[in-house]
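Colleague: Sequence:
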Amino acid sequence: MKNRNTTPTVSELTWQIKDLLEGEFSGISVTGEVSQPTTSASGHMYFTLKDESAAISCVIWRSTVQRLKAIPAHGQQINVSGDVQLYPPSGRYQIVVKSVEQAGEGALQLA
Numbered sequence: 001m002k003n004r005n006t007t008p009t010v011s012e013l014t015w016q017i018k019d020l021l022e023g024e025f026s027g028i029s030v031t032g033e034v035s036q037p038t039t040s041a042s043g044h045m046y047f048t049l050k051d052e053s054a055a056i057s058c059v060i061w062r063s064t065v066q067r068l069k070a071i072p073a074h075g076q077q078i079n080v081s082g083d084v085q086l087y088p089p090s091g092r093y094q095i096v097v098k099s100v101e102q103a104g105e106g107a108l109q110l111a
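Every letter in the sequence shown is one number past the one before it in the working numbering, and letter 13, counting from 1, is 13.
Please note: incorrect hints may appear among the correct ones.
[As the list claims (entries may be wrong)] Taking lysine-lysine and the DSSO-like style, the derived pairs with C-alpha atoms no more than 27 Å apart in a straight line are: (1) K98 / K50; (2) K98 / K18; (3) K18 / K50; (4) K50 / K69; (5) K98 / K69.
[What the hints assert, rightly or not] Each pair of labels, with its calculated beta carbon distance range: (6) W15 / A55: 20 to 26 Å; (7) A73 / S29: 15 to 21 Å; (8) T6 / G104: 48 to 54 Å; (9) N5 / Q66: 46 to 52 Å.
For the record, the hints were derived by calculation from the structure and aren't laboratory data.
In this text, a Cβ means the ideal position worked out from N, Cα and C, and glycines have one as well.
Please build the complete structure, drawing on both the sequences and the hints.
Modeller: Right, dumping it as C-alpha cells:
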C-alpha cells in the first residue's frame with residue numbers, strides 16, 4: 001500500500017483494489033443461477049450469476065464459448081470456474097468464466 005498520509009486519486013485507488021481483488025480471487029469456482037444471458041455480436045456471452053441474496057456479473061469470451069459443451073441458459077444452476085476481474089473505467093468487477101458445469105438436479109440427471 002502507498003503512504004497513508006497522501007490521498008490517492010480515484011485511478012490509484014481503483015488500481016490498488018484491482019491488484020488485490022485479482023490476486024486474491026484468481027482460479028475461483030462458484031455456484032449460482034444464470035440470469036439474463038445474452039450473446040454479443042462478437043460472440044462473447046454475458047450473464048448474471050445469482051443466489052437468493054447476491055449477484056455477480058459474468059463474461060465468457062467467444063473463444064471459451066466455442067469450447068463449451070452446453071451454453072448456460074436462464075434459470076439454470078451452474079458451477080463456473082474463472083478469475084475475478086475489475087474493469088477500472090467503470091469500477092465494476094465480474095467473473096471471467098473459463099469453464100462451466102451444470103449443478104444441482106440437472107447435473108444428477110446428466111450422470
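Colleague: With reference to the structure, classify each hint as holding or not holding.
Modeller: So, going through the hints one by one against the coordinates:
1. K98 / K50: 18 Å, holds
2. K98 / K18: Distance of about 19 Å is within 27 Å: holds.
3. K18 / K50: The given pair, whose Cα atoms are some 22 Å apart, holds under the 27 Å limit.
4. K50 / K69: The hint holds at about 22 Å.
5. K98 / K69: 13 Å, holds
6. W15 / A55: 20 to 26 Å: With a Cβ separation near 25 Å, W15 and A55 satisfy 20 to 26 Å, so the hint holds.
7. A73 / S29: 15 to 21 Å: Because 20 Å falls inside the window, the suggested range holds.
8. T6 / G104: 48 to 54 Å: 49 Å, holds
9. N5 / Q66: 46 to 52 Å: 50 Å, holds
Against the hints set out earlier in the document, no violation occurs for any number.
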